[in-house]
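Dock chain S with the ligands against the given chain Y, drawing on the hints supplied.
Top line first, the protein sequences correspond to chains Y and S.
Under the working numbering, the residue at position 154 of the first sequence is numbered 154, and the numbers go up by one with no gaps.
Under the working numbering, the residue at position 96 of the second sequence is numbered 96, and the numbers go up by one with no gaps.
Mixed in with the good hints there might be a few duds.
Said to hold, decoys possible - Chain Y stretches covered by chain S per the calculated footprint, using a threshold of three residues with CB under 8 Å from any CB of chain S:
| id | region |
| --- | --- |
| 1 | 76–88 |
| 2 | 108–121 |
As the list claims (entries may be wrong) - Between beta-carbon pairs, the in silico distance windows are:
| id | chain 1 | residue 1 | chain 2 | residue 2 | range |
| --- | --- | --- | --- | --- | --- |
| 3 | Y | Asp56 | S | Asp219 | 39 to 47 Å |
| 4 | S | Phe42 | Y | Glu133 | 44 to 52 Å |
| 5 | S | Leu63 | Y | Asn15 | 44 to 52 Å |
| 6 | Y | Asn15 | S | Phe42 | 23 to 31 Å |
| 7 | S | Gly58 | Y | Tyr250 | 54 to 62 Å |
In case anyone wonders, no lab produced these hints; they're calculated from the structure.
Since we're looking at a predicted model, the values are computed, not measured.
C-beta atoms are modelled at their ideal positions from N, C-alpha and C, and glycine is treated no differently.
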Amino acid sequence: MALLEVRNIEKHFGNTKVLEDISFSLEEGKALAIIGSSGSGKTTLLRCLNFLETPDAGMITVGGETLFDSENTAAFGEEAIRQKRLHFGLVFQSFHLFPQYTALENVSLAGKLREKDKGRWPILEKQGMELLERMGLADRSGHYPHQLSGGQQQRVAIARALALHPDILCFDEPTSALDPELTGEVLKVIRSLAQQRTTMIIVTHEMAFARDVADEVIFMDGGLIVEQGNAREVIENPRQERTRQFLARY
Amino acid sequence: MFMTVVGALNQGFIQTLKLFTVTLLGAIPLGLVISFGSMSRFAPLRWLTRGVIWVIRGTPLMLQLIILYYIPGRLLGYSPWGTGESGRFLASAIAFIVNYACYFSEIYRGGIQGVPVGQQEAGLVLGMTRQEIFFKVTLLQMIKRVVPPMSNEIITLVKDTSLARIISFQEVIWAGQAFMKSSHGYSGLLWPLFFTGVYYLVFNGVVTLLLGRLERKLDYFR
Ligand SMILES: Nc1ncnc2c1ncn2[C@@H]1O[C@H](COP(=O)(O)OP(=O)(O)O)[C@@H](O)[C@H]1O
Ligand SMILES: [Mg+2]
Chain Y
1 MALLEVRNIE KHFGNTKVLE DISFSLEEGK ALAIIGSSGS GKTTLLRCLN
51 FLETPDAGMI TVGGETLFDS ENTAAFGEEA IRQKRLHFGL VFQSFHLFPQ
101 YTALENVSLA GKLREKDKGR WPILEKQGME LLERMGLADR SGHYPHQLSG
151 GQQQRVAIAR ALALHPDILC FDEPTSALDP ELTGEVLKVI RSLAQQRTTM
201 IIVTHEMAFA RDVADEVIFM DGGLIVEQGN AREVIENPRQ ERTRQFLARY
Chain S
1 MFMTVVGALN QGFIQTLKLF TVTLLGAIPL GLVISFGSMS RFAPLRWLTR
51 GVIWVIRGTP LMLQLIILYY IPGRLLGYSP WGTGESGRFL ASAIAFIVNY
101 ACYFSEIYRG GIQGVPVGQQ EAGLVLGMTR QEIFFKVTLL QMIKRVVPPM
151 SNEIITLVKD TSLARIISFQ EVIWAGQAFM KSSHGYSGLL WPLFFTGVYY
201 LVFNGVVTLL LGRLERKLDY FR
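The following block holds chain S by itself, in its conformation from the complex:
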């Protein structure tokens, strides 16, 4: 029985991992684009971007998931996400990427604005181009500032992936909960749901370790 349950949970966990990875891959660059928007010298773009960030950060991700998954179908008469698990994954991925990109963008903005102007000016006076200054001087200092708050968000993301359960995305909690009714020939099992906690703990342990290593790598300068 144990092996059957673990097999089912593993399958769910693969979906969790997929959502986690896709969210990071999408939100890390998208967040940079949004942060540039929120610092734009063009005021309308700046206010529009900050407005979007305010709404996304001010409402629950769970609500955003529900709205994104169900509302287009109501309006169009058919679901643009397609049917089944792939549709649920697509909708979840988009909601997660946009949501996390908004959080990341605020962290990036702090990181970019936290690098003293003097660094830029020192580069200019030495005849560097703006590109050279960004890539050779500012970028690494920005990354160093951004890694600790990003680590917090990434660890939250590990757990937040479970929110996709609300649109029946078949991640690990969904897989565990299925055993309460019936799944893989067993029914009325409570412990598989509790056991999913172990997956999150182990996964978070690994993520924390990797991010800690990155942080220490950047410890050589201040």
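Pulled out of the complex, with its shape left as it was, chain Y reads as follows:
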């Protein structure tokens, strides 16, 4: 059975329908790329998975546990949501690091807040340090975000999300806010996560990257899934006309 099951998600803002009948599933250890032009609802979809938005309809299941069901919203108080959203991690387009904390503090803050036994904090810091090393940032652990380049900041943000061991890590255009010469270092890190079988959902405009790194791809347009399938097949040989038109721009 798939790790993640998304069933018939719908989302409106006022009268505009932003997501319509979104259904897909994701196996453990696989990477899913979501592509589509701006305004097609990709960010909203990730925000729904991370409980920053509440879908108007649909169901979200992770590892057999129903995290969201629009038929039964009574069970979803703030505290319950706080626990459920930890199944997901989210890396934002513009990083959103906490400016008053060093790279290492950014990575270990949330874990420390959850760990009441301060005796275990050194372990969390050690794990944070290891994550920063994996991101190639061992020598930057004591730097504040404003002392880091955009690419470095985004890698700290990835480490911060990984620190809580989410089942599924989501990326919302992780390189779109970066200068072109800095996208490579971030994509390299995501690629190595894929090789280590991290379950991921990656919204991206980097088509070659999506083709090479993702297992599956979803093409969205106007809040709908137009085409989904094997990443390489869909990106190299799209079956839908709209997908073809979109890919022709890259």
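Okay, now just chain S with the ligands, sitting in the frame of chain Y:
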């Protein structure tokens, strides 16, 4: 003569300091309460609060002092403030606290709304509670934004305390002016009044120094 005058001015200056300190201690927290009111999701409370802020900021503090000190007495037939200097201090303190709290609340509102929503969302996604997000993430960023405009207001407050002279609160200007008529056995002296300026300069110098130090303390992040 000089020592006598300085002694009298010092006494007045102690009253100035008292009013300054009490105003800050009252207006800093009250301003936060008012700023929450002005951002309330409950529209009537939000508009009421903003209305009050508009009136308080739109009229002179001197007028507010006069109204607060004299009008209740007219209506009630006796002064609720009590007699003498303690009554004048109480009325001044309340007028100053309310007035400055309204100014502070607008600064806080800017500070709170100036912290990007992304900070809050990053905290939420990491499973933090709203309280944890406020105290561990947003608060310090808010303080950093608020310190420079607050410094301006606090320096203005140092000088504004002299407005309480209008209801004869015996602060340093009152003490200096008293020598023009007669005070402590001297009369017709003009210079003590001018000399009060030195008190304000020195006091403002100290306040500016302290606030500058606080600002630099928060300089380590952006
Ligand atoms: N908070 C919101 N309120 C109203 N409309 C929104 C909001 N967020 C997104 N939208 C609209 O939803 C649509 C999809 O947006 P988004 O999910 O950000 O698309 P994408 O990430 O694919 O560019 C857009 O038309 C956008 O204007
Ligand atoms: Mg987007």
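Going down the list of hints, with the structure as the test:
no., hint, verdict
1, 76–88, "holds (count 6)"
2, 108–121, "holds (count 4)"
3, Y:Asp56 <-> S:Asp219: 39 to 47 Å, "holds (46 Å)"
4, S:Phe42 <-> Y:Glu133: 44 to 52 Å, "holds (49 Å)"
5, S:Leu63 <-> Y:Asn15: 44 to 52 Å, "holds (49 Å)"
6, Y:Asn15 <-> S:Phe42: 23 to 31 Å, "holds (25 Å)"
7, S:Gly58 <-> Y:Tyr250: 54 to 62 Å, "holds (57 Å)"
In this structure, every one of the numbered hints holds.
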